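Engineer: Just so you know, the sequences run in chain order A and B. Just so you know, the first sequence maps onto residues 1 to 449 in our numbering. Just so you know, the second sequence maps onto residues 1 to 504 in our numbering.
In short, the hints are calculated from the structure, not lab data. Note that the structure is a prediction, hence the values are computed from the model and not measured. You may find that some hints are simply not true.
[As the list claims (entries may be wrong)] Lysine-lysine pairs mimicking DSBU-like chemistry, simulated, CA-CA at most 30 Å apart:
id	chain 1	residue 1	chain 2	residue 2
1	B	336	B	388
2	A	93	A	131
3	B	42	A	131
4	A	93	B	42
5	B	42	A	107
6	B	498	A	107
7	B	498	A	131
8	A	107	B	411
9	A	244	B	114
10	B	477	B	336
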Amino acid sequence: MTRKSTYQPPVAGVGDTGVVEAPRFSCALGGAYASALATYGTVPILHSGSGCGMANAHGLTFAAGLNTGGAHGTTSTPCSSLVEEHVIFGGEKKLRALLDSTLSLMKGELFAVISGCVPSLIGDDVEAVVKEFKDRAPIIHVRSAGFAGSSYNGYELYLDAVIDQLLAPRPKNPRQVNILGIVPNQDVFWKGNLQVLEALLGSVGLEVNTIFTDFDGLGALRRIPSAALNLVFSPWVGTATARKLEERFGTPFRVVDSVPIGPKQSAQLLGLVADLLPVDRERLTRVITEEERRAYRYAEYFAEAFVVSLPHAYFAVVADSATALGLLRYGTNELGWNPELVVVTDNPPASVRGEIAAKLAEGLTSVVKPRVVFEIDSHRIRQELRTVKVQLVLASSLEKHIAPEELDAIHLSVAYPIFDRVVLERSYAGFRGGLAFFEDLTATYAGPL
Amino acid sequence: MPIDLKAQTCPTREQRANGINAYYGKASELVRDARAGCLQHKERSFQQNAGCLLNFYLTVRVATIRDAVMIVHAPVGCSAPALLYREVYRRLPPKLGRPEQFDLHWLTTNLSEKDVVFGGVEKLRSAIREATDRYHPRAIFVLASCTSGIIGDDIEGVIVEEQAHTEATIVPIHCEGIRSRIVQTGYDAFWHGVLKYLVKKPRRKQPDLVNVASMLSYTWQDRLEITRLLDRLGLRVNFVPEFATVEQFETLSEAALTAPLCPTYTDYLSRGLEQEYGVPYFLYPSPVGIANTDEWLRTVARYTGKEHLVEALIAEEHETAVPRMDALREAFAKLKPDGEPFTVLGSLGQGRLLTQTPFFKELGIATPVTICQDFDNLILDEMDTMVKQTGDFDIMVNTFQAAEVAHTARKYDPDMVLSCPFMGSAYKREKGQTRIHALRGDGREWSTQAGYRGAVACGNFLLQSTKNRAFQQTMLKKTPEPYHDWWFQQPNPHHFFKDDGVAK
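All chains should be built: construct the whole structure from the sequences, respecting the hints.
Structural biologist: Have a look at this one:
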């Protein structure tokens, strides 16, 4: 085990975050694996040690609302299971045999070879091996050594591979919008969020390519170049992908920064796309009016209990930047809570932190403006929480016991990792999402007076 | 082969006991071939996710040691399974014996591209210091990874330097995933670190203390049942590793005996404690099923001078448990016509292979075939004994190979398939299916498997699963199979073994 590394970093500048307790993301391989599993009909093939898939089955998909990966997840995922002799002699032969057998055994529309730390360190020429199988099936290679970055980076590496190895220019569809920036499992509510966005944008006549919730996963990937617009639902994740798509296929993009929660944010999103794409204004107005009317009608059903139980609550949000932005705005601007603290946990690059902090402070109806902290270390996050007096903590399930025991606060799991409830199609997105959020929140403390 | 605690780590299971994880044939042939020394490792041309030394599941186990800190010296994904650390065990009500307040801790060195090029030892050093500053633990476990191994980080070197001014005992664990094909090497690597660094010379012998190294796959209720039974003999149990304190590891040397729950899991620790501190051990049987619980208790009593108490205890327990087992056996007998036995396919570890197979026989359930995660010489005698007791059966040795599991289930078509947790589509069946076991955090009596109460509870659990198959059948019908039809049409579950059949 003393063979000298032949590893050369492919890109410079992926942040080194140092030693950290329980950071809220997995590795680049994890992000690529989760993205491949989310693309329906795709068979991920891990070229890695035999524990990488299991680590991410338990640490990424299961941590995302107790999900397993579906038909090609957990122990169903093919893996080259590299050991010491491959470190010495190379893993290419093993991979070649695995690709040959996988293509004959497993049903799939697309095969995604995802290579991890070991082949990167030993210098396997994975590209060359994958190339041998190009004529047998659609197959791509994602070079995603675990040490190359986080699962957020892994999502981008997966889409990079798709763009470089699978996509070709197509005629533009003026109504098509692609959704970027929602990382399967890192956004625990990814399935529901994508479906709601599809319906929301569809309600004004747009054709939405969610990529991951489409039953024709390969078709959805291939349709990416025909979009008229790429919408990025994160202040930073997927922006590099969107830029690449702009360069490659001339598709403009807009960073929306978060999945809209509740009527105000949803109406704002529809207004934004109406400025960019051909949307019938009358239809837009009708949709907004009807949806608002309905959402606030049902808000009346909880309002009277709400102003008794949780009025003007001081609250803290501990989440990835996109989730934090959406919930901060909904809680503050619709429910009338007071934001004390936002801890951003997805480790955005230094270059966008100022912008994210500004977004977290702007357009809030409250007198109180939140203190914004970028922190990935769960111990330091706990210390941050101890500095505030809040009634409500919207966070991951890591805070489930800390909130009531140390802060006397109510807690709801809204961000990865979520080990305390199953999340399937649940979503807080859209006009009605705020109501769903409120239902989940009150389930944690409501009862007879 | 004696345990060499001067060495940095244990030998692999391949080196120590000719461990393999690919075999298909008769159980008796497996024993014969192993005895003759002609079992050979076989490569597969098709392989699936199966866990590694680090993530089967040292990250989850070690993170639960209460006054310690786990440092995973690895890229960030390797420790992701431990993200459950602040919630694990919290569902257990304190009235079942878990402390109301406890805090678990872990860090990752989060190895990056830069570290891969320039080395990660300074990060490990800062992690050890950070762990000390934050928590003042009694022990710091340093878990190695594929990456730390390949880049050649001198973990021992840093630890020696840091230990000089660190209060906590620093325990390196060489669980690099690439070290071994046999995930159980990870267990041995952990126990090697525990024996080498953590276990102290006995200050005094505690003649009423029995060590039990219990697997994650035995539940909290199993602990309670074992505690209850040994308490009747005037004995106390030292359960390690999960949820133990560091002191419990330090005093392993003071116990009167190390008794098995899972023999293959406990093996390295048991041998090490006897070799270094004269703590006797036995590895067979485990307290699963009535007869084996009887025998387990008798063996414990023999080593601890409690023989005068044990027969009365057994007799008393039989009064309640045996009629219930009889009723269960009758119920299983009625499930099939004309005295045909109810058949089961269990996906088992080596340990459960030895414990569950006789238990099934007690229930009148036949095991025409079984799947075992891996196999090594450590359990040869026990396996031999067991096969003679229960009769021969087919065995497929594989570590979580889902396609082979699916094929075996289809080919033998047993009345019931018992699957490990998270085994892909194995639950989708026309005939019966349920889980082989629950996990440590499950505090329900329903999930008990050990001792007398466990035998009855587990029998009832299995019987219950025969009464409605709607979920498994519906999912089979309504969701697609990931494998092409040819896989099931050809007869060999070991189709992808590179060398067919048994090695000569």
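Engineer: Measure nothing beyond the straight line between the CA atoms of residue 477 of chain B and residue 336 of chain B; if it is 30 Å or shorter, mark the hint as holding.
Structural biologist: Satisfied, since the Cα-Cα distance of roughly 24 Å is no more than 30 Å.
Engineer: Between residue 42 of chain B and residue 131 of chain A, is the straight-line Cα distance small enough, at 30 Å or below?
Structural biologist: holds (27 Å)
Engineer: Is the straight-line distance between the alpha-carbon of residue 498 of chain B and that of residue 131 of chain A 30 Å or less?
Structural biologist: holds (24 Å)
Engineer: Quickly compare the C-alpha distance for residue 42 of chain B and residue 107 of chain A to 30 Å and report which way the hint goes.
Structural biologist: holds (26 Å)
Engineer: Is the straight-line distance between the alpha-carbon of residue 244 of chain A and that of residue 114 of chain B 30 Å or less?
Structural biologist: Within the cut-off at roughly 26 Å; holds.
Engineer: Does the structure keep residue 498 of chain B and residue 107 of chain A at a Cα separation of 30 Å or less?
Structural biologist: With Cα atoms ~22 Å apart, residue 498 of chain B and residue 107 of chain A stay inside 30 Å; holds.
Engineer: Starting from residue 93 of chain A, check that the Cα of residue 131 of chain A is at most 30 Å away, please.
Structural biologist: OK: residue 93 of chain A and residue 131 of chain A at ~14 Å, within 30 Å.
Engineer: For the pair supplied as a hint, residue 336 of chain B and residue 388 of chain B, is the alpha-carbon distance within the 30 Å limit?
Structural biologist: holds (25 Å)
Engineer: What's the verdict on residue 107 of chain A and residue 411 of chain B, does the C-alpha distance respect the 30 Å limit or exceed it?
Structural biologist: Roughly 20 Å separates the two Cα atoms, so the pair holds.
Engineer: For the pair supplied as a hint, residue 93 of chain A and residue 42 of chain B, confirm whether the alpha-carbon distance does not exceed 30 Å.
Structural biologist: holds (15 Å)
In this structure, every one of the numbered hints holds.
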